[in-house]
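Engineer: So you can see what is in the structure, the chains are spelled out below.
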Amino acid sequence: MTSSRKNKLLTGLVVASLILVIKLFVIQIAQDKYKIDSRNNSMVYDIIYPTRGVIYDRNGKILVGNKVAYDIMVTPREVQPFDTALLARTLDVSEEFIKTKMAEYARDRRKIGYQSVVLLKQLPAETYMKFAEFSYMFPGFRGQTRSIRDYPFNAGGNLLGYVSEVDAAYMKRHPGEYRSGDYAGKTGLEASREKELRGEKGYQIYLRNSKNQIESRFNDGESDQEAVPGKDIVTTIDATLQQYGQELMRGKVGSLVAIEPATGEILTLVSSPGIDVDILADIGKNYQKIIKDPYKPMFNRAVQASYPPGSVFKLVNGLIGLQEGTLKPTDAYPCTKGYHFGKHTLGCHAHPSPLQLEQAVMMSCNGYFCYVLRNMLESNKYKDIAQALDKWNDYVRSFGFGSPLGSDFPSELGGTVPSSKLYNRRYGKGGWKFTTIISISIGQGEIGVTPLQIANLSAIMANRGYYIIPHLIKDSPEVEIDSKYKERHYTLVDTTQFHKVIPGMWRAVNSGFGSGGTASIAAVPGLDICGKTGTAQNPRGDDNSVFICFAPKDNPKIAVAAYVENAGFGAAWAAPIASLLIEKYLRGDISRKDLEKRIMDADITWKVKKDK
Amino acid sequence: MIIQIFKSRSIKHSYDWKLVGIYLVLVLFGLANIYASIHSSNPSSVFDLSTRSGMQCLWIASSLGLAALILFALPARMWESSAIPLYIVVGFLLFAVIFMGVEVKGSRSWFSFGAIRFQPAEISKITTSLLLAFVMSRPGFRFSSLKDLIKVGMVVGIPMLIILGESETGSALVYVGFLFVMYREGLTGWLLAFLGFVILLFIMTLTASPYAALVTLLAILLLFNLFRKGFRIDLAFLALGIILLAAFLPAIVNAIGISLGPVAIMTLLLLCAGAVALWIGYKNKNRFLTYSTAALAAGILLVFSTDIIFNKVLQEHQRKRIEVLLGIKDDPSGVGYNVNQSMIAIGSGGFSGKGYLCGTQTTYGFVPEQSTDFIFCTVGEEWGFLGCIAVIGLYVLLIWRIITNAERSREHFTRIYGYCVAACLFMHLFINIGMTIGLMPVIGIPLPMMSYGGSSLWAFTILIFIFVVLDHQEKKYF
Chain A
1 MTSSRKNKLL TGLVVASLIL VIKLFVIQIA QDKYKIDSRN NSMVYDIIYP TRGVIYDRNG
61 KILVGNKVAY DIMVTPREVQ PFDTALLART LDVSEEFIKT KMAEYARDRR KIGYQSVVLL
121 KQLPAETYMK FAEFSYMFPG FRGQTRSIRD YPFNAGGNLL GYVSEVDAAY MKRHPGEYRS
181 GDYAGKTGLE ASREKELRGE KGYQIYLRNS KNQIESRFND GESDQEAVPG KDIVTTIDAT
241 LQQYGQELMR GKVGSLVAIE PATGEILTLV SSPGIDVDIL ADIGKNYQKI IKDPYKPMFN
301 RAVQASYPPG SVFKLVNGLI GLQEGTLKPT DAYPCTKGYH FGKHTLGCHA HPSPLQLEQA
361 VMMSCNGYFC YVLRNMLESN KYKDIAQALD KWNDYVRSFG FGSPLGSDFP SELGGTVPSS
421 KLYNRRYGKG GWKFTTIISI SIGQGEIGVT PLQIANLSAI MANRGYYIIP HLIKDSPEVE
481 IDSKYKERHY TLVDTTQFHK VIPGMWRAVN SGFGSGGTAS IAAVPGLDIC GKTGTAQNPR
541 GDDNSVFICF APKDNPKIAV AAYVENAGFG AAWAAPIASL LIEKYLRGDI SRKDLEKRIM
601 DADITWKVKK DK
Chain B
1001 MIIQIFKSRS IKHSYDWKLV GIYLVLVLFG LANIYASIHS SNPSSVFDLS TRSGMQCLWI
1061 ASSLGLAALI LFALPARMWE SSAIPLYIVV GFLLFAVIFM GVEVKGSRSW FSFGAIRFQP
1121 AEISKITTSL LLAFVMSRPG FRFSSLKDLI KVGMVVGIPM LIILGESETG SALVYVGFLF
1181 VMYREGLTGW LLAFLGFVIL LFIMTLTASP YAALVTLLAI LLLFNLFRKG FRIDLAFLAL
1241 GIILLAAFLP AIVNAIGISL GPVAIMTLLL LCAGAVALWI GYKNKNRFLT YSTAALAAGI
1301 LLVFSTDIIF NKVLQEHQRK RIEVLLGIKD DPSGVGYNVN QSMIAIGSGG FSGKGYLCGT
1361 QTTYGFVPEQ STDFIFCTVG EEWGFLGCIA VIGLYVLLIW RIITNAERSR EHFTRIYGYC
1421 VAACLFMHLF INIGMTIGLM PVIGIPLPMM SYGGSSLWAF TILIFIFVVL DHQEKKYF
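Line by line, the protein sequences are chains A and B. Heads up: the first sequence at position 4 corresponds to 4 in my numbering, and the numbers run straight through without jumps. In short: position in the second sequence from 1, add 1000, done, that's my numbering.
Be a bit skeptical, because a hint or two may be false.
[Claimed, not checked] Computed beta-carbon distance windows for the label pairs:
hint, chain 1, residue 1, chain 2, residue 2, range
1, B, C1358, A, G140, 30 to 40 Å
2, B, L1161, A, E222, 36 to 46 Å
3, A, V14, B, C1358, 43 to 53 Å
4, A, R5, B, N1284, 43 to 53 Å
5, A, T11, B, G1355, 53 to 63 Å
[Stated by the list, open to error] Counterexamples of contact, computed for chain A against chain B with all Cβ distances above 12 Å:
hint, residue
6, A16
7, K23
8, I27
9, T84
10, T127
11, E194
12, F218
13, Q444
14, K474
If you're looking for bench data, these hints aren't it; they were derived computationally from the structure. Fair warning: this is a prediction, and the values are worked out from it, not measured in the lab. Idealized CB from N, CA, C, for every residue including glycine.
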C-alpha cells in the first residue's frame, strides 16, 4: 500500500510539472500575443519624418516647397519652477495659457511619463529666437524644428491643395499607412499625389525601461530604417501666368483655364474665388472660415461645376453640320431678330441678314445655328429625329463632353449631353421634335459642361480636330505620367472641316468695332487671336459670360476658356480676361493697361446669388 | 587494505553527491539569473557587493558553510532529539516577530538586525518538518487515533496559523503540502481529495465564475463515477460530450435567447441529475453514487455560499483583502499587472530564449520582484522554453531523488523527514512557477535555491542538507 502511495505521489509530481510545462508551451510557443506585447513594452520607435516632395511649375519655379517651423516642446518631468510671466512674454502667449497647459500635464503625468509633448506649434522665427535666448531659464522646455509647407508664389491654391494632420477617419480609410501626428495631403495635388509626395517614414528603435526612460539602441541600430524623401513633382502650370490669371479673376466668380494645345498641358487653371496660399499654409486656423464662405472657395469650379456652354457650342454644331453634309460654308440663312417657330421665337441680336457660316460664327447668330441643327437632325439619312440626335450625341461626346475627360484632377465632373433616351423619358417616345429641343442649337437647355471641357474645345479648335487629355502633371524622371496624356484624341469631325469655321473665330475678334464681330474687345494686334463668345443663360440672375479663344491662329501656343458667372455678355468680361491672359503669356507684358486695370479692379461677385 | 577501506568509506560513496550536485546547479543558475535580472545597459560585476548578485554570492558562500557544518561537524542524531526544542524556539520567534518585526510589503514577518534581515517563517519549515517526522515516527502512531490526528494537526497548524497572522499567505500555503506526507504515512486519500475539491471550487468561484465552478464540479463527479471501475472509451466520449455541452451552455443559452441565466439552468440540471443519481444509487445500493450526490449538493451549496458571502455579506475592504490574497486584484497600478508583465516576459522568450543578458523585459524592469519571487521570468525570457524545461526537470529530479532516498530508508524519522523536504520543495516549485505563468494567484513565495534572498537560501540549504546527512548516516550503519 505504501509503495503504491509513493508511486501515486511521484505520478502527481510528474503530472503537476507537466501542467507547468504545457502552460509554458502555450505562452512561449503556441501564442504570439506575449511576444508582441513585449515589443510594445520595451521598444520605442522614434519616427524620422521624410521631407515632403517639392511641387514645381513648368519652368522650374517652386510652387510648394518646405520650410522650417519651430515648435516648443515640454518634458513635464524635467520642468522646474519657473517664471510663468517671463515665459508667457517670451512666447507671446497669455500667462493663463501656460498655467492651464501645465495643469493639464500635471493631471496626465502618468500617461506622459518621461515623454515630451508639444506646447506650441509653428512659432514665427522671431518668437523662436527670443525663446532660444531665454531657454536656459526654463529647464524642461525646448524648441524643435519641423518641416512644413511653404508657398513662394500666390498661385494655384486650389490646385495645390493643403496638407494637414491626419484624423481618425483618415487613418481608418488608409489602414496601416498613417499614425496619429502624421501629415497628409487633403485636397488638390497634395491629395492626388500623396503617395509620391509623402516619401517613406524612417525610424530608429530604442529600448526603454519600465520607467519610460531610453536605455539603448535596439540591435545597435541595425534594424533602423532611413527615411526616404518624397518625390518632387513638376506641374504643367506656369506660375506667373497662374498668378496673373488669379489677379484677373479677382472679384469674379467663375473659372479661367489655359491649355497648351499641342500637349494638353494645363498652363493655368483658376477657380474663383479661390484659396490664397497663406491660408493653405495655416489651414487649421482658417478652415472654418473657408467652409462658411458662401462662394465656396474650396470648390474647384473649373472641373467640378457644370454650366450651359452658350454660344461657344455653336462651333460644335457647325462642325457636325459640315461633317454630316447638311451644312455648306456658303449656305445662307435669314435671321430676323431670331428663329421663329409657331408662336415662339428664339431671339437673336441685331445684325445683317442673311448670313453665311463664317459670318454667323463671327456675329454669333442664333437663328443660323437653329437651321444648322435642324437640317442635321431632320436629315433623311436618319429614320427619325431620335436616331439623328443619338448620332449628334456621338459627335458631341467625341469633343470630350458628357463624361470626365480623364484629367489628373481627383474629382472631375462629366457634364451632360442629351440623348434621345432623355427626351423620350421626358416627353414620351415620338412626343418631341426639333423645336422641342431647339435650345441645344445654341448651347443651352440640357447641355452641361465644365470650364475644363470648354477649354478643351478651345484646344480642339486650335489643333484643328484633336485634343490631348488636359493634365496637370508633367512627365519627369521622378514621376512618370500615364501614357494616356500623350495620345491624340480625334473628334468624329474630319480635320479638314475645321478650316471652314476657324476664319469665323478669327473674324469675331479681329474685324474691328462696328463690324458686327462679337469679340473685338479681345483683339491684340499681331497676336491673331481666334475666339468665340458665349452668353449663357443663368436662371439665378444675369447671364454667364463665356469666351474661348486660342492664339496665334496658325501654330497656336495657347487655348483659353473663361467663364464668369452672372457677368453678362461674353464680350463684357470673359473675352477681355481671356485676351489679357493670352497677351501676358505670349508677350510677357500688357499693352492695354486701362483694360487690365478695369478688369482687375472690378468686383462683380455681388451679382452672384449666395448659397445659404 | 587500509586504502581500500578508506575508499569504500570515503565520502564519495556515502553521501548522495548527485543530490548535492543538483542543488549546486540550481543555486549557481539562480545566481546567473539574478545577475541577469539586475543587469542593465551599464553592467557591473557579478560579485559587486552593492548589487543583489554580489550579495547572493555571500549568501551562497555562507550556505555552503552551513551545509558543510551540517554534513561534517554536527552529529546527525541531534536532529531527531532536538526536534521539540527547535520547534518551540522557532515557534516563539514566529510569534515574536509579529510584535518585534519590521513591516515589509504589508507583512510583519521579518526580524531586522541592521542591514541583515531574517524571516523566521523560512526556518519554521525545517523545524515543522523535523517535529512532524518525530511525532509521526513514534511507535504506535496511527491516523485512526484521534489523539494522534490532533497532535499532527497542531504540529502543522500552529506555525501555519501564526504565519497567516503575519500575512505571509504564500508561506502558510506551503504547509498544505504536509498533507502529502500524511497521505504517504496512511492518511485516507479521500481527505486529500475532499480538501482539494473544496479549495478548487472556492478559488474557481472567486477567480473565474460560479458557473465555471459548477461545470468543474459536474466534470469531477462525472469522471469519478464513470471510471471508478476502470477506464472505458465509450464512457469517456459520453463524459466528454456532457462536459463540453455544459461548458458551452452559456453560449447556447445566449444564442437561443432564453431569459433564464446559464447559472440557473445549470443548477436546475445538476439538481435533476442529482435526484436521478440518488434514486439509482439507492436502488442499486451503490454507496459511492450516493456519496457523490451528497458531494454534489455540498458543492453547489459551497459555490453559492461563497459567491453570496463574498459579494453580499463581506465589506468592501474585506473583499479587497481576499481578492489580493487570491491575486484577483494584486497591485495598485492595475489588476493583474504583475502576472501580465511576468507572462509577457516568459512568453516573449519563445522556444530557445533571447539569449543570456539579452532579455528586454526583465533587464529593463518591467517585471516586478524579478530577482526574488519572479526570478523564473528571467529564465523564461532569456533561456526560453528549453531553459524552463531544464529548470523544472532539475527540480523534479531533485524531488524524485529525495523521495526515492526516503523510501529506501529504514528509519521512519528519515523517511518522513524526506517526504517533508520533498513536499516543501514541490509546493514552492508549483506555487512559484504557477504564479509567474498565471496558473496560480500571486502569492509571493521564493523559487527554492534560485530566488534572491539569504533567509530562503539558508532555509532550503539546511532543509536539504539535514536530509542528506540523515540519508548518509543510514548508509553508514547498514
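Engineer: Say whether it holds or is violated: A:T127 keeps its Cβ farther than 12 Å from all Cβ of chain B.
Structural biologist: 38 Å, holds
Engineer: Taking 12 Å as the cut and beta carbons as the points, is A:Q444 off the interface with chain B?
Structural biologist: 63 Å, holds
Engineer: Just double-check A:K23 for me: nearest Cβ-Cβ distance to chain B has to come out over 12 Å.
Structural biologist: Violated, because the least Cβ-Cβ distance between A:K23 and chain B comes to about 5 Å, which does not exceed 12 Å.
Engineer: Take a quick look at A:A16 and tell me if its Cβ sits farther than 12 Å from every Cβ on chain B, holds or violated.
Structural biologist: 5 Å, violated
Engineer: According to the definition I'm using, a residue is off the interface if its beta carbon is farther than 12 Å from all beta carbons of the partner; does A:K474 meet that for chain B?
Structural biologist: Fine: 50 Å to the nearest Cβ keeps A:K474 off the interface.
Engineer: Given the range 43 to 53 Å, decide if the beta-carbon distance of A:V14 to B:C1358 lies inside it.
Structural biologist: Distance hint for A:V14, B:C1358 is violated at roughly 32 Å.
Engineer: Has the hinted range 36 to 46 Å been met by the Cβ atoms of B:L1161 and A:E222?
Structural biologist: 58 Å, violated
Engineer: Run the C-beta distances from A:F218 to all of chain B and say if the shortest one exceeds 12 Å.
Structural biologist: Its Cβ does come within 12 Å of chain B, the nearest being 8 Å, so this is violated.
Engineer: Examine each Cβ of chain B, and state whether all of them lie more than 12 Å from the Cβ of A:I27.
Structural biologist: Per Cβ check, A:I27 is inside 12 Å of chain B; nearest 4 Å; violated.
Engineer: Are A:T11 and B:G1355 spaced within 53 to 63 Å by their CB atoms?
Structural biologist: For A:T11 and B:G1355 the Cβ distance comes to about 36 Å; the hint is violated.
Engineer: Compute the least Cβ-Cβ separation between A:E194 and chain B, then decide whether it is above 12 Å.
Structural biologist: 36 Å, holds
Engineer: A:T84: least C-beta distance to chain B exceeds 12 Å?
Structural biologist: 32 Å, holds
In the structure shown, a violation is registered for the earlier hints numbered 2, 3, 4, 5, 6, 7, 8 and 12, in ascending order.
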